[in-house]
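> Please build the complete structure, drawing on both the sequences and the hints.
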Amino acid sequence: DTGVSQNPRHKITKRGQNVTFRCDPISEHNRLYWYRQTLGQGPEFLTYFQNEAQLEKSRLLSDRFSAERPKGSFSTLEIQRTEQGDSAMYLCASSSQTNTGELFFGEGSRLTVL
Amino acid sequence: KQEVTQIPAALSVPEGENLVLNCSFTDSAIYNLQWFRQDPGKGLTSLLLIQSSQREQTSGRLNASLDKSSGRSTLYIAASQPGDSATYLCAVRWGGYNKLIFGAGTRLAVHP
Chain B
-17 DTGVSQNPRH KITKRGQNVT FRCDPISEHN RLYWYRQTLG QGPEFLTYFQ
33 NEAQLEKSRL LSDRFSAERP KGSFSTLEIQ RTEQGDSAMY LCASSSQTNT
83 GELFFGEGSR LTVL
Chain X
1093 KQEVTQIPAA LSVPEGENLV LNCSFTDSAI YNLQWFRQDP GKGLTSLLLI
1143 QSSQREQTSG RLNASLDKSS GRSTLYIAAS QPGDSATYLC AVRWGGYNKL
1193 IFGAGTRLAV HP
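If you read the protein sequences in the order shown, they are chains B and X.
Residue numbering for the first sequence follows our numbering, beginning at -17 and increasing consecutively.
Residue numbering for the second sequence follows our numbering, beginning at 1093 and increasing consecutively.
What the hints contain is simulated information worked out from the structure, not anything from laboratory work.
Here the structure is a predicted model, which is why all the values come from computation and not from measurement.
Mixed in with the good hints, there may be bad ones.
Said to hold, decoys possible - Taking lysine to any residue pairs in the SDA-like style, the calculated list, with each CA pair at most 20 angstroms apart, reads:
| no. | chain 1 | residue 1 | chain 2 | residue 2 |
| --- | --- | --- | --- | --- |
| 1 | B | 39 | X | 1134 |
| 2 | X | 1134 | B | 94 |
| 3 | B | 39 | X | 1095 |
| 4 | X | 1134 | B | -10 |
| 5 | X | 1134 | B | 82 |
| 6 | X | 1160 | B | 82 |
| 7 | X | 1160 | B | 83 |
| 8 | X | 1134 | B | 86 |
| 9 | X | 1134 | B | 69 |
| 10 | B | 39 | X | 1093 |
| 11 | X | 1093 | B | 26 |
This is the structure we're talking about:
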């Protein structure tokens, strides 16, 4: 696998349910990012990991959102008690600390909250 | 506040035209700037990365330039093709930060 992998690609859920997204970064990349994108807008930064440490969180990441990267490899993003306003594309990206800093994105996970 | 702005928001051109997409950013102390392509409902594909010490980067029919002093970058697409139709996003990483800040994108349509 040479790219960033995200699952599931699509998730439809009812308001109030919990959802979890998974991201598998490029294998040698130690930096992992989560972004959210709504229709017609650019991606907005949510959070950043270096190895297993979560080093930055956006104010967009309310207390209903939690992200983990337990072993410094894959990451999960969980949204609890989903709201209709959470409907968006959730994008994961990875980069290597030793390269140019170029970010590589996955295909995204689209969330629809009914 | 660190912001990225892209103009125009949308562009429609006939096939074969050379075109320029614009990106402007506040605060010239950038680390790098990255251009992406996004097809509808898909993720982002990295096109070009320009480091703060560079003036331009080229890949095939694409050329991206960087002028830090004026806070601008342009993406030049030569001999546009219908397959170039997509949204083009500019993103900036400022020095001392590890995240990219994105513009809202330019939606390009190239018609035969």
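> All hints are to be evaluated individually against the structure, with a verdict given for each.
Results for each hint:
| no. | hint | verdict |
| --- | --- | --- |
| 1 | B:39 with X:1134 | violated (24 angstroms) |
| 2 | X:1134 with B:94 | holds (15 angstroms) |
| 3 | B:39 with X:1095 | holds (18 angstroms) |
| 4 | X:1134 with B:-10 | holds (13 angstroms) |
| 5 | X:1134 with B:82 | violated (24 angstroms) |
| 6 | X:1160 with B:82 | holds (18 angstroms) |
| 7 | X:1160 with B:83 | holds (18 angstroms) |
| 8 | X:1134 with B:86 | holds (13 angstroms) |
| 9 | X:1134 with B:69 | holds (16 angstroms) |
| 10 | B:39 with X:1093 | holds (17 angstroms) |
| 11 | X:1093 with B:26 | holds (15 angstroms) |
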